[in-house]
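*Asks:* Residue strings, one per chain:
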Amino acid sequence: MALPLPPGLTPAEVGFLCEMELVTVIPRQRLEGLELLGGPTQPMIPPFATPLPLWLALLLKKQRRANISPPGWLNVEALTHILDFETDERTADVFSPSPRLPQPTSTAPLEEDPYLAHDALELSPPFLKDAATAQAQDDALPYHWLELSHLLLTHAADDFDDPDAVHRLLRDLREVRMSKLRKGFRVLDAGAGVKMNGMGGMEVAEVRGFVGGVVDGLRINRSREEARKEEEAEQRENGLGSSNYRDDEDDDML
Amino acid sequence: MATRLRGRPAHAPGPTYLAYTPNGKKLITVGTNGAVRIFQHGSDDEPAIIDVTTDNHTAVVATNTFFLVGAEDGSVTKYSLLTNSMEEILVRCSLPVRDLSLSRDGEWVAVASDELEVKVVDTGDMTRIMHLREQSRPVKHVSFDVSGSMLAVSCSDGVVYMYSLSSEQPQLLKRIDGLVKTLETDAEASSKVAWHPDGRAFVAPTSTRDIQCLARKDWQRQKAFSGGHRADISAVKWSPNGALLATAGVDNSLCIWETRSQRLVKTFEDINHTILALNWHPTDNLCSYTNHNGELFIREDFVPSPSSSLLKIALHPAPMNNEPLSKISGNARKQADDRQKPDGVHRSVEDQYLDDLLGPDAMSEDDAGFIEDDDGAGYAEVPNGFGKRAAGAVNGLPVKRHQPYPSWRPQVQEAFQPGSTPWRGNRRYLCLNLTGFVWTVNQETHHTVTVEFYDRQEHRDFHFTDPYKYDKACLNEKGTLFSCPPSAQSQQSATLYYRPHETWTTRMEWKTQLPAGELVISMSLSDSCIVVMTTAGYVRVYTLFGVPLLVHRQKSTPAVTCASFRDYVMTVGTGPVSGDGTTRLLYSIENVRRDEICQNEDVLALPEGVELRSVFFSDKGDPCIYDTSGVLLTLLHWRTPGQAKWVPLLDTKMLERLASGKKDETYWPVAVADNKFHCIILKGGEEYPYFPRPLLSDFDFNIPVSSMPANKDDDEDKELAHQKGLEEQFVRASLQHSLQRDLVENTNASSAQKAEVSMMERGVDKVLLQMLAAECREGEERGMKALEIAALMRDRTGKMLEAAGKIASRFQRDILGDKIHQLAERRLVGLVDEEEM
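So the protein sequences, as listed, match chains A and B.
In case it helps, this note's numbering puts the first sequence at residues 1 to 254.
In case it helps, this note's numbering puts the second sequence at residues 1 to 837.
Pulled out of the complex, with its shape left as it was, chain B reads as follows:
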C-alpha cells in the first residue's frame, strides 16, 4: 500500500470526527453534511455511506457492532454496523451534543451537551439513564476510564469532575480545579481527559499547553509532557498500549511522545488544518485523524522505526512519579530490567512484567478493590494469582504473534526492607516499628526525613533535609540508621549513615561508603550491631559505632531481607526453585559476636503461592515471620542447629472480628511484643499504611488448632467452644513454655526468667487439668481420653496428678481415678520414662 499521505475528502468542509471500531476493521467519520462514512481498514475502496437525517455532527463513538453519532440538534443516534442503517435515536438533548464517550464494554455512553447535566445512557436500553448534575456550566468533554467505572467530565468552567459510576447513584469523587483551561464548549481546543490504558492515571491538556499526567488514586500530579506545543491542544490520544502519546494542536501541529521518558518522538510539519479528532489504529502502526476541513487522513507508519517497536509492548505503565525504576529501591522487582528491552516478541515476559508491576508489592494503584461487580456485568475481571486483575490485553492484540519458544522464569520474591512502605504520592514510611517511625517526603530535588517517636519523653523527634535521598532506614531505642543509593550527580557511592539518639560525648554520627557499584538491598539495626546486605552478595556487619566486624558472602542469593536482635542476625535469601515455579526462601541465623551459626540455610516455610511479608524478632528475641496469607509464625528451637521449625502463632484470617464476613481488612505487621501481635489494620483493599499514621492495634495469639463452632448461643456449641478454647490454650502454653525453656537453656538467663519457665510449666498443667475436668463432666465413656490428658502432665512432683485424681473422684469417675493413681505411682518410682509416654 502506498505510504503517500493524502487527505480523503470525507465530508463537506467543517469540523469532522472519526472513530475506529475496537477490532480495527472499520473507521467511521462524521462531519457537517448529512452522511456518515464507513471506511474499511486496509482498503482503498470508496467508503460505505449512510445518509442520515441529521447534519452538523459533533461526535462519534463505535463498538464492533454499532456506532453512535451526536449532532448539533441534540440527538444521539445509534446505527448498526451490521446492516449499515439507523437503529434508533438513543437520547435527545435540548442543546447541541458536544462529546460522547463509550465505556470499554460498550454498555454505557456518556453524552456531553450544552445542557448543564451529563447523561449516561445504557446503549441497549435507552430508558436507563444516569444524570450527572454537579457541574455548574455546560460540559465540553466526557471520558470513561478503562474499567468503565469512572467518568471524567471536563466542564467549560475549567474544572474536571470525576464521577464514580460503580454504584446505582453516580457519585462525585473529586473536583480537579486548575488542571484544564476554561474553554467554550464549541472551541477547537480540547480539555478532554485521556485515560492511560493501564487505568492508574490519566492525562489532560493544561492551560500551559503541556499534557499533565495525574494519578487516579490520589489525584496528585505526576509527570508531564511539556514543551511540545506552542498553541492550545486540540486532541490527545494514547497509543493502544499506552507506550506512546499522540497530541495535536490548533496551530496545525501533531506530535508523538514517548511515555517512558516524556520526550518527543516526532513532530509532523505537513499539517494544513487543525486536527480535531485523532485515533490510533488498535493494532497497526497507523493513525488516522480528521481536521477542520472535512478531510480524513490515514497515516501509515505513523511512529518512526526506532520507536515503533514500542507499539508491540503489551501494556506500558503510566508515567508516574516515584515508580520503582531500578533495583536499588527495596520495593522494586528484579524484573525491572525488562523495561529496557521492549522487544515485544516474548509477550509472556512482558505480561509477566506487568503482572509483577501490578503485583501486591509494587506500588500499583490498582483498582481491583474499587470496582465491584455487583450487577454481574463482568467489568471486574477475575483476579489472577497475585489477587489482581490480569494484565488487560489491549483490545484486539494480534493473536497471530505466537511466541516461538515458551520462556519461563521462576517467580522470585523481591527484596524488601521490613517495616517500610513504597512511595505513595510523594511520601513513604522508611521504617515503622514500636519505637517510632521514619518517613520521608520527596521534594523533587531533595527529600525531607522526619523521625518521630512514640515515647516523647525518652527521645526527641527530629527532622532534616536530605540531599542524599535516603531510601532505607532502621530505628531502635539507640539510634537511627539510614542508607542511600549511589547518586550520579555527586559521584558518591551507596552510603550508610548512623545517628545515635544520645551519647555521653558529643554526638557521634558516622557515615561509611560501600565499595563502588554496591547497593544496599536490606539492612537491620539491633542493640549491638548493624547488618547490611548488598547487591554484591555480601553481608556486612558493623558495630554501632561503625567498626566493621565481619564481611561474608551470603550463601543464598539474591538476598531478600534481614533482621537482627542483639547479636543474632537472620538473613533471608533466594534458594532453589520449588515445584510450583517459585523460589524457596532460605534463612540463616548466626550470632555475630560469638561467630556461631545457629541455623544454616534452612527453608523458610511458606506454602504454595504465599510470599514473605515481613521478618522481625519478637521482644523476647525469637524470629517471627508474617506472610501474605496473613499468618504469623515464630521459630521454635532455633538456637540448636537443625532443630528449628516454624510454628504458627496467629492466623489473622481466623480472627473473630472477621467472622461476620462484613469486614474487609488486612493487617500490616509491625511487631510481636508482650505476647501480642501488633499490627496496623488496613481497610478497603489497602496494602500499606499511609498518612496520617494509623493507630496500632494488637491481637492475642491464637494458634489455628481447630475451627470454632459458628453458633455460640447453643449450649452444646458453647461447651464445644470451651473445649476447643482449652485445646488451643494448651498448644499455645506449651509453645511458649518451650520457647522460654530454649531461652533459659541457651543464654545467661536471669533467675526471674528461670522462675518463669517453671511457672509456665505449671500453666500448661493447669490447662490440662481444666481439659480433664471438661472430659470428666462429659461422661464415663470419655475416660480414655481423660487418662491420656493426665499422662500429658509435665509436672514431675506428682502434685498435678494428685489434683487430677481429685477431679476424677469429684465427678465420681472411680476407674479413671484409680488409673491416674497408678500412673502417678509409676511416675514417682520412675517406671514411666519419656519414650514410653
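With the rest of the complex left out, here is chain A:
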C-alpha cells in the first residue's frame, strides 16, 4: 500500500492545521512586520496586542519574546457556561453552537439567497476570523477549540489565570461531547443521521475511525440486504429453474 495511514487527517495534522489560527499576542519586544506566505504580519510594539498566527506566537512564546492572551472562550467562566449548556437536559442532544457566522460579504443581486452569488466570499468554521484572538466570541467553541487549547495550555500555561481549572473544564467538555457523539451513533439506523453541528476539527478526526467503521458496516449490511432482495425478486421472475445456479454464485461471493 502506498500510504499506510488511515483515511482522513491524523491528530498531528489537525494540530498542524490549527497553527494557522490567529491568536492575540502581547509582545515583550519590538519586531517589524514579517512578510509571510499567508500575508504580512503586523509589527509588534510592546505593549500593544497584535494578532499573529499560532505557530509564530508559540515560537515567540518559547523564546520569551511574547505573551499569548488567551481567547475569550478559554477562561473558567466561559467554559463553565458552555459546559452547563452541554450538560443541560434540555439541550442534551445538541452540541453547543459554533461561533456566529459573519455577514456575507457580497452585495449580491440574489438577495434572497446570498450564498448563491458568484462573487460572495462566505466564511465558514475552519476559516472564521478572530476565532482564537482576544476578540473571539466568548460563548461558543470555535472549530479548532480542542487542539488550540491544548497547544496554548502546553506552551503558554503561565498566561492563563487558572490553567488547572481550564484544563479540567476542557477535559470535562471533551468527555461530554464525545459521549454525546457515541450516544448518537448507538441509535444510528439505516438512513438516519447524526447531527454534528458545532463539532470541532479534532473531534471529527478522533471519531473518524469509529464512524467510518460504523458506516462501512452499515453499507455492507445494506448491500447484502439489497443483494438478497434483488435475488428474491429475480427468483420470483425466473421461477425456480435457475435457482441452483444463483445459489452457487452467491456462495462464491460470500
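The set of hints was computed from the structure by calculation and includes no laboratory data.
One or more of the hints may lead you astray.
[What the hints assert, rightly or not] Result set (DSS-like, lysine-lysine): computed pairs, CA atoms no more than 27 Å apart in a straight line:
| # | chain 1 | residue 1 | chain 2 | residue 2 |
| --- | --- | --- | --- | --- |
| 1 | B | 662 | A | 129 |
| 2 | B | 237 | B | 217 |
| 3 | B | 469 | B | 217 |
| 4 | B | 237 | B | 26 |
| 5 | B | 663 | A | 129 |
| 6 | B | 469 | B | 223 |
| 7 | A | 129 | B | 676 |
| 8 | A | 129 | B | 724 |
| 9 | B | 718 | A | 129 |
| 10 | B | 766 | B | 718 |
| 11 | B | 653 | B | 724 |
| 12 | B | 806 | B | 718 |
[What the hints assert, rightly or not] Only part of the chain A face toward chain B is listed, based on derived beta-carbon distances under 10 Å:
| # | residue |
| --- | --- |
| 13 | 26 |
| 14 | 27 |
| 15 | 28 |
| 16 | 29 |
| 17 | 30 |
| 18 | 33 |
| 19 | 45 |
| 20 | 47 |
| 21 | 48 |
| 22 | 64 |
| 23 | 65 |
| 24 | 67 |
| 25 | 69 |
| 26 | 134 |
| 27 | 161 |
| 28 | 163 |
[What the hints assert, rightly or not] Some, not all, of what chain B presents toward chain A, calculated at C-beta under 10 Å:
| # | residue |
| --- | --- |
| 29 | 436 |
| 30 | 454 |
| 31 | 502 |
| 32 | 537 |
| 33 | 673 |
| 34 | 674 |
| 35 | 676 |
| 36 | 695 |
C-beta atoms are modelled at their ideal positions from N, C-alpha and C, and glycine is treated no differently.
Chain A is fixed; fit chain B onto it per the hints.
*Replies:* Leaving out everything else, chain B in the frame of chain A:
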C-alpha cells in the same frame, strides 16, 4: 448619680452575661439561675425579673423589642421586651449553646453550640435556618459584621471561619488560621471576633495576648493592640464609634485602648473577678460588664476625661496599615487634619470627613459593592453622592446634639499622581503606563521598588531596596523619576531622584532636595523636562539632568496634578467654588523651553458631581483627561490661547460591551495612543488595578453623538444604525483632522505629518459622500439634507463635489444633482466663502 462603683448582685455566683438594647434604654443580664433581669438605664431601681424555665444561661443578645437567651440545655429562647415575657423557643440544639450573635437589623441570629454546625436563624420565622458546616470542631463564638452579610465563626480548633451570608446558600469565604488561640468551648478566655463599626476591619484576641486587627478586604494583618494583657483575653468590645476599644483579661484586668494610636488609655485595677461580658452603652460614656461571680457592674465615666471626647466622634476609621495619614500622600484628602481635632461638635464635619475617607479615591475597603440587596431587606443602604453608603450613623447617636452653626466647606478635588494607585495590602503601583510599571512593597522599615518594562529588549527591569520610602514615580522611555516625602528620622527633606535608563557615560543618577517643609504634590516626566508641583505652591521645572530651568508659583492652588509632553507642561489647580459646592479645576498649559503660555487658567470642563480621574498627553501630544463618569476628553485648539475646548472622544458608559447590562465594570485609564484608549478593565466594583498586573485593553474612540438603536436585527434599525455610525465617523474624522492641522500649523511638522492632514481631509469628505449616498437611497424628499451634506465638503478642488453629483445622478436625484453642480460652480469661482456657508 453616684459614680461609686458597686457590683450589683444580679444572679447566683457563676458565669453571667449581659446585653444592651440598641437604643441604650435597657440592659439585660442572664446567669446561672432561672431568672433574667432587665435593668433600666439611668435608674437605680430594682430590675424587672423574668422567671424562666431554663438555667445556666450562656449568652444573651437584644434588640429594642425582644431579646434572645441561650442556655446550656441547648435552647435559644425569645423574650419580648414589650411584655417582659417569653415568646417562643427559637431553636433547640442538642448540645449547650455557647454564643449568640445578632445581625444589626435584628433579623438573623447566629447560634454557636457544641454541635459542629452553626445555625443562623431568622428571628421572625424560625423555620428559616441556614447551616454553616465547614468547621471541624465545635464553635466557641460567632460574630456578625456591621452589614449583617458576613459572619465570623471562631472555632475551637483555633481557626476563624468567615462566611458570606449574602446569598441564599452561605459560602465560606476564608479560613483564617493562626489568628486565635485553640480554646475549649467552655473556656473563660475568648476568641471572639469583634468587627470594627466602620465595617472594614475586625479584631480578634491572639495567642500572644494581643488584639490583632485584620482587614476585611484581603484578610491581611493590620495594626495590633499589644502589650496590655498578661493573661488570656476574655472580652473585647469596640466603643460604638470605633474610636476606643475595651478589653478584659482572665487575670482580672480591664483596659481601654485608643484606636488611632493603639495605645492604652486606662487600665483598671479594681476588678475582683474575671469579666466575661463587656458592653459599651450605645451613647453615654458608660460601660457595663458582668463577671464570673454573678455580678453586674455599671461603670459611669468609663473613659477618663481627655479621651472621653473621642466618644463623640461620629465614626472613627479602623486601625489599618497604610492609611492616608497625611497630606504628603498623593491619595490623601486635604481634610485629613480633621482627625487631629475630634471636637465632636461639628458633626457634619466629621461625617463629611468620613464620607471623604470612604470616598472613591481614598483606599476605602468599602463593601458597597459586596452587599447585594437582592431580597429587598434594605441592608444595602442607598449610596450617597460618592457612590458609597452614607457614613453609618452609629446606632442611636443622640439627636439632640444640634450643630450650633452649619459649617460648610467646598468639596475640593484631592491631589493625585496620574497613573498611581493607593496602598492596598502592602503594595501599590507608583506608576503604570505604556512604557512599563513601577510598584512598591511596604516592608515596614523600608520599601522595595520594582520597575518593569513591557519592552524587555529595550530596557532591563530593575529592583532596589528603598530606605527613603518613595511615594511617587514617573516612568518613560528615558528614565525613571522618584520622589519621597521628608523623613523625620534622617532629617532629610523631600527629595527627587532621577535615574536614566541608559547613558553613554557612566550612569548619571541625580538627587535633589527641595527646601525644608516643601512636599511634592504631583510630578511628571517628559522626554525633555521634569515638572514638580509642591505644597509651597511652586511649579519647579528641571531638565532631565537636574538643571533647574524655572520656578514659578502656580496661580491656582492648591495644586491637583500635572502632566507633560516634551516641552509642554500642563498643570491643574483648584479654582473658585462653583454653584454645586465643588471647586472648579483650572489648568494651564505652557511651553517651558520657549516660555510661552498656551492656555492660561482655563476651566477644566467637568459637569456637576464629576471629578477628574487622570490627566495625560496622548502619543500625538494632545492633552487628555478622564473623569469619574467614564468620559475621555481631549483638548482641541490648545496651542492658541483662548481657543481651547474639551471634546469627548469616548464615553465608556456607552460601550457596546456594556450594552447587555450584565457586565459591571469600570475602566482605569492608562493612555491614549494610536487613536485608541488604553485602559485596564476593573470588574466587581474595584477602583484600582491590583496584583497580578492586569492586562491592558484598548477601545476605539466613539464620540457620543447619538444613542444606538437597541434592536440590531431589524432592517430599518440596521439602516438607522448605519447612518448614526456614519455621523459619528464624520464628527470623529473632523476632530482628528483639526487636531492634526493644529499640530502641523504650530510645530515644525514633517512632510509626512503634512501629507496626513490632506489625507484626513479627504477622509472626512469620503465619510460625507457615504452619508450623501445614504440620504439619496432614502428618497427624493431627503434632498435638502443631502445638499446640506454636500455643502459641508472641505475639498476645494471640486473633485469631491463632482463625486457627490455622480452619486446623486446614480440614484436619479436630478434636482439634487443640479443643485450640487451649481454649488460646485459657485465654489470654483469663489462665490461661496466660509462665512456664507
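*Asks:* If a hint holds in the structure, say so; if it doesn't, say that too.
*Replies:* Results of checking the hints against the structure:
{"no.": "1", "hint": "B:662 to A:129", "in the structure": "holds (26 Å)"}
{"no.": "2", "hint": "B:237 to B:217", "in the structure": "holds (21 Å)"}
{"no.": "3", "hint": "B:469 to B:217", "in the structure": "holds (24 Å)"}
{"no.": "4", "hint": "B:237 to B:26", "in the structure": "holds (18 Å)"}
{"no.": "5", "hint": "B:663 to A:129", "in the structure": "holds (25 Å)"}
{"no.": "6", "hint": "B:469 to B:223", "in the structure": "holds (19 Å)"}
{"no.": "7", "hint": "A:129 to B:676", "in the structure": "holds (22 Å)"}
{"no.": "8", "hint": "A:129 to B:724", "in the structure": "holds (26 Å)"}
{"no.": "9", "hint": "B:718 to A:129", "in the structure": "holds (22 Å)"}
{"no.": "10", "hint": "B:766 to B:718", "in the structure": "holds (21 Å)"}
{"no.": "11", "hint": "B:653 to B:724", "in the structure": "holds (18 Å)"}
{"no.": "12", "hint": "B:806 to B:718", "in the structure": "holds (25 Å)"}
{"no.": "13", "hint": "26", "in the structure": "holds (7 Å)"}
{"no.": "14", "hint": "27", "in the structure": "holds (8 Å)"}
{"no.": "15", "hint": "28", "in the structure": "holds (5 Å)"}
{"no.": "16", "hint": "29", "in the structure": "holds (3 Å)"}
{"no.": "17", "hint": "30", "in the structure": "holds (6 Å)"}
{"no.": "18", "hint": "33", "in the structure": "violated (15 Å)"}
{"no.": "19", "hint": "45", "in the structure": "holds (8 Å)"}
{"no.": "20", "hint": "47", "in the structure": "holds (4 Å)"}
{"no.": "21", "hint": "48", "in the structure": "holds (7 Å)"}
{"no.": "22", "hint": "64", "in the structure": "holds (8 Å)"}
{"no.": "23", "hint": "65", "in the structure": "holds (8 Å)"}
{"no.": "24", "hint": "67", "in the structure": "holds (9 Å)"}
{"no.": "25", "hint": "69", "in the structure": "holds (6 Å)"}
{"no.": "26", "hint": "134", "in the structure": "holds (8 Å)"}
{"no.": "27", "hint": "161", "in the structure": "holds (9 Å)"}
{"no.": "28", "hint": "163", "in the structure": "violated (14 Å)"}
{"no.": "29", "hint": "436", "in the structure": "holds (8 Å)"}
{"no.": "30", "hint": "454", "in the structure": "holds (4 Å)"}
{"no.": "31", "hint": "502", "in the structure": "violated (16 Å)"}
{"no.": "32", "hint": "537", "in the structure": "violated (37 Å)"}
{"no.": "33", "hint": "673", "in the structure": "holds (8 Å)"}
{"no.": "34", "hint": "674", "in the structure": "holds (7 Å)"}
{"no.": "35", "hint": "676", "in the structure": "holds (8 Å)"}
{"no.": "36", "hint": "695", "in the structure": "holds (6 Å)"}
The structure shown violates the earlier hints numbered 18, 28, 31, 32.
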